[in-house]
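Participant: Mind docking chain B on chain A? Use the hints.
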Amino acid sequence: MTYPTHREIEAREKDALVTEDTRPGLVFRPDVDILEEPDAYVIMADLPGTNESDVEIQLDKGVLTLDAVAPDETSSPARYAEYRVGGYHREFRISEDIDRASVTAKMRHGVLELRLPKSAESRPRRISVEAA
Amino acid sequence: MNSINRNFTNETSLPRAFASLSRDLHRQLANDRNRSFRGTRGVFPAVNLHESDTGYVLTAELPGVAPENIDVSIEGATVTLSGERKIERVAGDGVAVHRRERQSGTFRRAFELPAEIDLDAAKATHKNGVLTLDLPKSAALQPRQIPVETP
Chain A
1 MTYPTHREIE
11 AREKDALVTE
21 DTRPGLVFRP
31 DVDILEEPDA
41 YVIMADLPGT
51 NESDVEIQLD
61 KGVLTLDAVA
71 PDETSSPARY
81 AEYRVGGYHR
91 EFRISEDIDR
101 ASVTAKMRHG
111 VLELRLPKSA
121 ESRPRRISVE
131 AA
Chain B
133 MNSINRNFTN
143 ETSLPRAFAS
153 LSRDLHRQLA
163 NDRNRSFRGT
173 RGVFPAVNLH
183 ESDTGYVLTA
193 ELPGVAPENI
203 DVSIEGATVT
213 LSGERKIERV
223 AGDGVAVHRR
233 ERQSGTFRRA
243 FELPAEIDLD
253 AAKATHKNGV
263 LTLDLPKSAA
273 LQPRQIPVET
283 P
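Protein sequence lines correspond, in order, to chains A and B. 1 is the number of the first residue of the first sequence in my numbering; add one for each residue after it. 133 is the number of the first residue of the second sequence in my numbering; add one for each residue after it.
Just chain B, same shape as in the assembly:
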């Protein structure tokens, strides 16, 4: 991934500078297909993408992440997943950790889908630690059957 270098001297305010930086990051993440779908070792959460005529289904393995700690945002054809996985039990207070394989921390991933999403019909469900996003394509992009009329 390219490094992000920006000169903020022209920015009039810090919030604007941050908004601009966040846009850049967002764009890079979304455009970087290698990062999104291949060679994904070390990336959390792992996702799968299924496609049908009417839309996409994106699933993500997020064990132990409460729904309130998952943020899903959609903008055009870009879906962003972010949040935090908290591991509540820490050492101390009479608790000893013998093995710690489960990772905690923040996560953020953006995906650019090949087609725009119908925002009003998009749906997110969370079950058994798996997040499922139902992302119907915009109505204009869905295949339609045109009846042939006889004059």
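One chain only, chain A, in its complex shape:
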């Protein structure tokens, strides 16, 4: 018997980063999607447990750095644990054609959406052909 099934999620365990950081605690590498729209790049990052105020984004020398901390809100140790709580860190090399001043970020249900609009020169442009 076969069913018309939806694809079931095959999630990966959160990847803990091994860093030579002096910061205490765990840091994970968040899963991301990187999309390109005609006029912007969009980065979506899974940051479960993170408030807007706990996310820090920096753009420096063509590298975009994402840092976030998910506060541990549990008071007792877990009886069973499948995931751990900590920070998130990831870096992205960004192309030169970004309009840095108009980068925006918003959080919804633990997902960060970063919009990196392309600079005016690099957007696709339609050139109308005039009759001579």
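Quick caveat, the hints were computed from the structure, so don't treat them as lab data. Keep in mind that a hint or two might mislead.
Pairs of lysine to any residue residues, derived as SDA-like cross-links and limited to a Cα-Cα distance of at most 25 Å, are as follows [unchecked claim]:
1) B:Lys218 <-> A:His109
2) B:Lys259 <-> A:Ser128
3) B:Lys218 <-> A:Val55
4) B:Lys255 <-> B:Gly224
Away from chain A, derived, C-beta distances all over 12 Å, residues of chain B [said to hold, decoys possible]:
5) Ala209
6) Thr210
7) Arg231
8) Ala256
9) Pro268
10) Ser270
11) Pro275
12) Gln277
13) Val280
14) Glu281
Where is the CB? At the ideal position from N, CA and C, for every residue including glycine.
Facilitator: Then chain B, alone, in the frame of chain A:
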């Protein structure tokens, strides 16, 4: 996990056959502790379970899943989480996907807790992509202080 084989010839109607199959699946998922809490690679969502004297707190990481797409049901000591994670943006319409690590699809997990839950007092909250289930134990199972009276 054992395969589920059933003979439906005795079932009088298709809905009943489905209900029966769903009960079987449910029971298997609930009973399979290995699947529930250990060796969980590939299982979505990841959950943590905390216990206190008065109840359990089950948390699940569900980033990007809107509350209306999460279904929580409790029956006795069995908690079932199911739903769908939708990734809205797809390629096409001038959108190119350079990297796709975030998974979409349906999910379903069942957990059997060691004690029955007080259904009326159970609570589910959803914040920053984390679902928190507050599951107080049935009043009859909660520890009670008995005052000692002097005659």
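Participant: Run through the hints listed earlier and report the numbers of any the structure violates, in increasing order.
Facilitator: 2, 4 and 7
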